[in-house]
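Student: Here is what each chain is made of, one letter per residue.
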Amino acid sequence: MISKEELEHLAQISRINLTDHELQKFPTQLEKTIEYIDILEQLASDDSVTLDLQELKFEELRKDEIKVSDEKQLCKNITEDGFLRGPKMK
Amino acid sequence: MTRLDELLAYEVVEGLTEGQFTAEDYVTTILKRIEKVEPKVHSFITLDTDGALSSAKIIDKKLKEKEAIGQLAGVIVGIKDNISTQGIRTTCASKILENYVPTYDATVIKSLKESGAILLGKLNLDEFGMGSTTEYSRYQPTRNPWNLDCVPGGSSGGSGAAVAAGECTIALGSDTGGSIRCPSSFCSVIGLKPTYGRVSRYGLISYANSLEQIGPICRSVRDLVIMLNIISGKDTFDNTSMPSNPISIPKRLNKLNVGIIKELITGSDQEVTKSVYFASEKFKEIGCPCEEVSIKNLHYALPSYYTLASAEASSNLARYDNLRYGFDYSIGEYKWDTYFSNVRENFGEEVKRRILIGSYVLSSGYYGKYYLKARRLRSLLRLELLELFKKYDLLIGPTMPILPFKFGEKIDDPIKMYLVDINTVIANLAGIPAISLPIGFSNGLPIGLQLMAAPFGEQKLIDASYELEKIINIPRRPNSI
Chain A
55 MISKEELEHL
65 AQISRINLTD
75 HELQKFPTQL
85 EKTIEYIDIL
95 EQLASDDSVT
105 LDLQELKFEE
115 LRKDEIKVSD
125 EKQLCKNITE
135 DGFLRGPKMK
Chain B
-2 MTRLDELLAY
8 EVVEGLTEGQ
18 FTAEDYVTTI
28 LKRIEKVEPK
38 VHSFITLDTD
48 GALSSAKIID
58 KKLKEKEAIG
68 QLAGVIVGIK
78 DNISTQGIRT
88 TCASKILENY
98 VPTYDATVIK
108 SLKESGAILL
118 GKLNLDEFGM
128 GSTTEYSRYQ
138 PTRNPWNLDC
148 VPGGSSGGSG
158 AAVAAGECTI
168 ALGSDTGGSI
178 RCPSSFCSVI
188 GLKPTYGRVS
198 RYGLISYANS
208 LEQIGPICRS
218 VRDLVIMLNI
228 ISGKDTFDNT
238 SMPSNPISIP
248 KRLNKLNVGI
258 IKELITGSDQ
268 EVTKSVYFAS
278 EKFKEIGCPC
288 EEVSIKNLHY
298 ALPSYYTLAS
308 AEASSNLARY
318 DNLRYGFDYS
328 IGEYKWDTYF
338 SNVRENFGEE
348 VKRRILIGSY
358 VLSSGYYGKY
368 YLKARRLRSL
378 LRLELLELFK
388 KYDLLIGPTM
398 PILPFKFGEK
408 IDDPIKMYLV
418 DINTVIANLA
428 GIPAISLPIG
438 FSNGLPIGLQ
448 LMAAPFGEQK
458 LIDASYELEK
468 IINIPRRPNS
478 I
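If you read the sequences in order, they're chains A and B. Remember, the numbering used here sits 54 above the position in the first sequence when you count from 1. Mapping to the numbering used here: the second sequence position 320 is 317, numbers consecutive.
Honestly, the hints are just simulated from the structure, not real lab data. A quick note: this is a predicted structure, and the numbers were derived from the prediction, not measured. For every residue, glycine included, the Cβ atom is placed at its ideal position computed from N, Cα and C. Careful, some of the hints might be misleading.
Unchecked claim - Some chain B residues well away from chain A (every beta-carbon gap over 12 Å; in silico):
| no. | residue |
| --- | --- |
| 1 | Glu15 |
| 2 | Arg135 |
| 3 | Ile292 |
As the list claims (entries may be wrong) - Beta-carbon label-pair distances, calculated as ranges:
| no. | chain 1 | residue 1 | chain 2 | residue 2 | range |
| --- | --- | --- | --- | --- | --- |
| 4 | A | Glu113 | B | Lys248 | 37 to 43 Å |
| 5 | B | Asn440 | A | Glu113 | 55 to 61 Å |
| 6 | A | Arg116 | B | Ala65 | 26 to 32 Å |
| 7 | B | Ile469 | A | Leu138 | 52 to 58 Å |
| 8 | B | Lys33 | A | Glu114 | 46 to 52 Å |
To be verified - Quick list of in silico lysine-lysine cross-link-like pairs, DSS-like style, CA-CA up to 25 Å:
| no. | chain 1 | residue 1 | chain 2 | residue 2 |
| --- | --- | --- | --- | --- |
| 9 | B | Lys332 | B | Lys92 |
| 10 | B | Lys413 | A | Lys58 |
| 11 | B | Lys403 | A | Lys86 |
| 12 | B | Lys467 | B | Lys271 |
| 13 | B | Lys281 | B | Lys388 |
| 14 | A | Lys86 | B | Lys366 |
| 15 | A | Lys111 | B | Lys231 |
| 16 | B | Lys107 | A | Lys130 |
| 17 | A | Lys117 | B | Lys107 |
| 18 | B | Lys403 | A | Lys79 |
| 19 | A | Lys58 | B | Lys366 |
| 20 | B | Lys92 | A | Lys130 |
| 21 | A | Lys121 | B | Lys110 |
| 22 | B | Lys407 | A | Lys79 |
| 23 | A | Lys121 | B | Lys231 |
| 24 | A | Lys86 | B | Lys407 |
| 25 | B | Lys413 | A | Lys86 |
| 26 | B | Lys413 | A | Lys79 |
| 27 | B | Lys332 | A | Lys142 |
| 28 | A | Lys130 | B | Lys110 |
| 29 | B | Lys332 | A | Lys144 |
| 30 | B | Lys107 | A | Lys126 |
| 31 | B | Lys107 | A | Lys121 |
Please model the complete structure; the sequences and the hints are all you need to start from.
Tutor: Written out as structure tokens, the structure is:
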């Protein structure tokens, strides 16, 4: 069973507040999911199996070129008077 | 004569070119259809009626002045609401992106616009594509046009339902673990998840980017071919995209060897299994031998999928801090940490569950146990399938193991919900193309057949689907709405 403390820790590192309702029902639901993916343990740990079958070559990357964007368009969603506003650090 | 709102995409283009009707007539007809069925089906999150009408006028002007028109001129396309559309709100069916208006078009949208397609609006989905029913949409669930008490499938449920209900000619969906094929099966339309890399993902709002592809949902194989060719191709803005050969409608069918995946049959409802055997008979009729095959690593596929998808989701969705894009949530006097956690409380339950599981499988101590094993399984599965494709041109099975089910039936049991994806995740893990084709009905509920091919083997999927479509007579429009 995922303990309440474990759940709170996961929520904290994920930067998500959980509602009381979620705090109550998530431990069982997440536990069931973890039990389900536990079957992966049975898979032999064969380190010779490659992890990436599709490789991207460096030469295939596009050139790192500066293109001028429409600043007004870009900032449409984010700014107040031309500034990006964030919460206080402390 | 076929009613205007029942026309297929290529018939729309023909009708316009021959002057049988104008693009404005067509848009107006579809808008009337929407007015009638949308209150029951709820496919759309946002409708851009004005935009659609003005695009139609531009096409009519071009036709009048005998200018060239594109391959999809006048065709009405619905877009899943996780694909960025410049100037049109793109919500991912999430509260978190309620007010987000993209400042650019996804590459697929740019291509569609260049082909003359008319974008009518944004279609419902499970929040950020996480779900199989649209019940996890933060707006309202979409209903299945064939039976309004049943789910339309998901996550591209709005796309599947809108095409089936005649609210658009064709639609775009996205498929991370079956999100195009599941609603295609449940709504009796045709949906394709392309090979990973065939279609650019630039502008698709990421959920699990190593697994997902954008793809078409249509009412005919011919439409699907046109649409797929328009959205395929190498894009400098998506380095995982690759050049590919155009697909064509086959003149005649060459013999294809078909493998029926045994494990997918045994785990399915009886009615669904029957339909797959019916399909195998049809394959034999068109000269394609079928035999049963087994996939050794199949029972690891779904746990691997949920491990990888959740891990990628927890990382991809970390960007929603409500500073750069988001919804109305004042910064007020909140401190740095508290603000983000408070804002992100507004994710829906399923999204939160997946982010938490993702954080769990990526934590030190569990990384090797889950994440690395899942990636290893992914390689093994792909290698096993590539081996099978040396012998078989197509691997088939039911798209969904069950029939469309009632609302609320699985919503409180995540594992039950995840299990419905068991047949579809294979193609995402292996990066191979897969199509869902309507194959029959049981008690008025649609059943879909899934066909898979080797990477970039879409032509074989189309060859077989085109022939099967000709000989299997499936009703195209639900009578209930």
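Student: Given the hinted pair Lys86/A and Lys366/B, is their Cα-Cα distance within 25 Å?
Tutor: 17 Å, holds
Student: Is 46 to 52 Å right for how far apart the beta carbons of Lys33/B and Glu114/A are?
Tutor: 50 Å, holds
Student: Take a quick look at whether Lys117/A and Lys107/B sit within 25 Å of each other, Cα to Cα.
Tutor: Satisfied, since the Cα-Cα distance of roughly 22 Å is no more than 25 Å.
Student: Can you confirm whether the C-alpha distance between Lys92/B and Lys130/A stays at or below 25 Å?
Tutor: 19 Å, holds
Student: Run the distance test for Lys111/A versus Lys231/B: straight-line Cα separation, threshold 25 Å.
Tutor: Holds, at roughly 15 Å.
Student: With the threshold set at 25 Å, check whether the alpha-carbon distance from Lys130/A to Lys110/B stays at or below it.
Tutor: Answer holds: Lys130/A to Lys110/B is near 23 Å, not above 25 Å.
Student: Is the Cα-Cα distance between Lys413/B and Lys86/A 25 Å or less?
Tutor: The given pair, whose Cα atoms are some 10 Å apart, holds under the 25 Å limit.
Student: Does the alpha-carbon distance linking Lys121/A and Lys110/B stay inside the 25 Å limit?
Tutor: 23 Å, holds
Student: Is the Cα-Cα distance between Lys332/B and Lys144/A 25 Å or less?
Tutor: 6 Å, holds
Student: Evaluate the condition: distance from the CB of Arg135/B to the nearest CB of chain A exceeds 12 Å.
Tutor: Non-interface label stands for Arg135/B: nearest chain A Cβ at 15 Å, farther than 12 Å.
Student: Taken at face value, is the distance from the CA of Lys130/A to the CA of Lys107/B at most 25 Å?
Tutor: 20 Å, holds
Student: Hey, Lys332/B versus Lys92/B, does the alpha-carbon distance stay inside 25 Å?
Tutor: 22 Å, holds
Against the hints set out earlier in the document, no violation occurs for any number.
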